[in-house]
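Visitor: Top line first, the protein sequences correspond to chains A and B. Mapped onto the working numbering, the consecutive letters of the first sequence carry residue numbers 641 to 867. Mapped onto the working numbering, the consecutive letters of the second sequence carry residue numbers 160 to 536.
It is possible that part of the hints are untrue.
Unchecked claim - Okay, derived cross-link-like pairs now, DSBU-like style, lysine-lysine, Cα gap no bigger than 30 Å in a straight line: (1) B:Lys292 with B:Lys211; (2) B:Lys172 with B:Lys353; (3) A:Lys713 with A:Lys649; (4) A:Lys799 with B:Lys172; (5) A:Lys649 with A:Lys799; (6) A:Lys799 with A:Lys830; (7) B:Lys292 with B:Lys360; (8) A:Lys713 with B:Lys292; (9) B:Lys211 with A:Lys799.
No lab work stands behind these hints: they were computed from the structure. Source: prediction; values computed, not measured.
Here is what each chain is made of, one letter per residue.
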Amino acid sequence: MTKALLEVKELTKSYDEGRIEALRGVSIAIEAGEYVAISGPSGSGKSTLLQLLGGLDSPTTGEVLFDGAALGKAIDLDTYRLLKVGFIFQAFYLLPTLSAIENVQAPMLATRLSARERVERAEVLLREMGMEHRFSQYPNQLSAGERQRVAIARALANKPAILLADEPTGNLDSVNSARTMELLTDIQQKHGMTLIVITHENEIANAAPRHIHIRDGKVLRDERLQG
Amino acid sequence: MTSPLSFAGFAWKNLWRRRLRTLLTLCGIGMAIGAFVALVGFSRSFEHEWMKLYTSSGTDIDVVEKTFLNTSVDESVETQLQAVPEVLQAEPMIYNLMDITPEVNALVFGWRDGSYEFDSLNFLAGGRFHAGKAEIILGDVLARNLDKKVGDTVELQGASYTVMGIFHGGTALEAGAIIMPLDQLQQLSSLQGKVSGFHVKLRPAPAGEGQERYLQRARAAIEAALPGLNAELASDRASNNQVVEMAHAVAWGTSSIALLMGILGIANTMAMSVFERTREIGILRALGWNRKTVMLLIEAEALVLGVVGGVLGVAIGWGALRLLSVLPRSASLASASISPWHLVEAFAISVLSGIAAGAWPAWRAAHLSPVEALRHD
Chain A
641 MTKALLEVKE LTKSYDEGRI EALRGVSIAI EAGEYVAISG PSGSGKSTLL
691 QLLGGLDSPT TGEVLFDGAA LGKAIDLDTY RLLKVGFIFQ AFYLLPTLSA
741 IENVQAPMLA TRLSARERVE RAEVLLREMG MEHRFSQYPN QLSAGERQRV
791 AIARALANKP AILLADEPTG NLDSVNSART MELLTDIQQK HGMTLIVITH
841 ENEIANAAPR HIHIRDGKVL RDERLQG
Chain B
160 MTSPLSFAGF AWKNLWRRRL RTLLTLCGIG MAIGAFVALV GFSRSFEHEW
210 MKLYTSSGTD IDVVEKTFLN TSVDESVETQ LQAVPEVLQA EPMIYNLMDI
260 TPEVNALVFG WRDGSYEFDS LNFLAGGRFH AGKAEIILGD VLARNLDKKV
310 GDTVELQGAS YTVMGIFHGG TALEAGAIIM PLDQLQQLSS LQGKVSGFHV
360 KLRPAPAGEG QERYLQRARA AIEAALPGLN AELASDRASN NQVVEMAHAV
410 AWGTSSIALL MGILGIANTM AMSVFERTRE IGILRALGWN RKTVMLLIEA
460 EALVLGVVGG VLGVAIGWGA LRLLSVLPRS ASLASASISP WHLVEAFAIS
510 VLSGIAAGAW PAWRAAHLSP VEALRHD
């Protein structure tokens with residue numbers, strides 16, 4: 641069996657002094673280079689799971705292991721988010737005071753990359769997203785699809801091993817949704833990255849080689865496409 | 160190649176987003192630093208001018224009763240003072256601050272017509288006054304402000320005095336002063352037989368005795384000969400002068416209040432900025448920025464406010480000090496000269512104020528939970 645890149649063991653997360661249990665003992669293992677869709681109805685705990693997988697929050701019990709190292713213990717959460725994970729959000733979350741190319745450089749400002757390396761890498765990524773003519777545009781000057789492509793470029797800035805996308809097509813029309821998913825799967829294949837997509841859309845979930853269905857804070861099904 | 164995003168550039172863009180608020184904050188800290196530069200600069204200049212007043216006239220020791228403000232020494236003490244072996248000359252003097260016109264005030268000195276202190280004056284027109292006569296001499300700045308020349312008269316508390324000479328004083332205090340016969344000022348101030356104190360010029364120090372040691376010995380000898388009176392070295396007198404001390408206290412008090420308001424202005428701006436940008440800070444944390452980097456960003460923004468506010472404040476303060484040095488009401492008290500060290504000090508205070516004011520908002524921003532911050536509207 642291949643060693644898991646990301647593994648969660650008996651993960652629980654509760655809020656409001658234990659009155660709300662968002663996750664109730666989730667255990668999954670995701671290998672390097674896998675494309676996994678996690679789906680479930682609203683309140684099922686899928687976003688909480690993504691937050692824990694991405695190191696945005698800490699579990700109440702259980703642990704998240706990246707390459708065998710426990711998040712928050714063997715590996716610092718900030719370092720993990722900076723160098724190992726790239727986030728793509730439904731609401732894009734671009735920084736409004738920064739242009740497209742500056743948004744892509746933002747995560748790299750916290751690294752030791754030189755100014756020249758930062759800007760060169762940002763240019764390459766935006767070109768890869770088909771955004772070469774929109775370098776200097778600010779988020780409010782971009783369409784929803786363009787904003788999401790800038791957000792994807794930003795998520796790739798520090799060459800992460802894992803791409804975490806939380807409802808990446810939730811704010812997009814059908815054309816841009818299809819284009820964004822195509823872009824994500826292309827990147828996943830081209831860079832050999834691990835792609836984890838949280839979605840409530842069956843079409844997207846079913847297109848993934850592996851589909852984890854969550855309900856009431858538990859894994860209901862964990863299916864792999866045959867062949 | 161596109162220009163790279165720098166940390167400072169990011170901080171500036173965040174400030175520039177709220178231009179009006181940033182400009183108002185800069186005005187606040189600029190005015191506070193300006194007040195510091197002008198007021199403290201003015202009081203220091205005042206002290207400096209006192210110092211020059213003593214050194215330019217050759218006075219070594221000032222003999223006064225207890226304090227500078229209410230000193231009143233019997234004029235007859237002069238005989239005992241002259242008997243001290245180290246004393247070469249002892250000149251009784253009175254000084255007072257008077258309103259000459261509603262807009263112009265001036266220091267008024269009462270000297271004897273043979274005082275050695277005349278040697279430090281450079282007469283531009285006319286000459287000395289005569290004891291027992293209603294005569295005065297004017298500093299050149301005061302003469303210009305009053306538009307008076309030799310032969311004109313000046314009204315002082317209802318009495319008329321003829322201008323006998325116009326002199327160029329070595330200090331702003333002298334340039335804006337009136338000097339008149341001691342007996343005339345005694346009469347005008349109802350101080351017959353009394354003086355403010357004595358300016359003492361010592362004999363040269365004996366060979367082999369250091370100047371400082373000699374001054375201290377002479378001082379002790381005068382105090383022994385005149386129990387109840389204080390003999391202060393001229394070099395100490397400027398800084399120990401109660402008027403100067405009051406000027407310092409008022410300047411520092413007013414400046415401190417202005418600085419506190421400036422600091423609160425920056426703190427308020429940064430706290431509001433952090434609150435408004437809670438989600439953006441959450442985004443930065445999600446992107447992997449650690450707490451230290453987020454704190455640095457907020458502190459960098461506060462620092463920019465401190466640096467720009469400091470430059471603005473130094474310019475405002477310098478301009479205000481120049482204005483004070485030419486306004487008739489204040490020209491007689493201080494000069495426009497300002498030490499570079501004072502400007503550096505003001506700028507450093509502004510920068511430190513920025514850092515201090517940004518500390519709490521920066522700490523708060525750094526300790527936001529990424530998940531909570533991302534949920535913030």
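Visitor: Which of the numbered hints above does this structure break?
Guide: 2, 8 and 9
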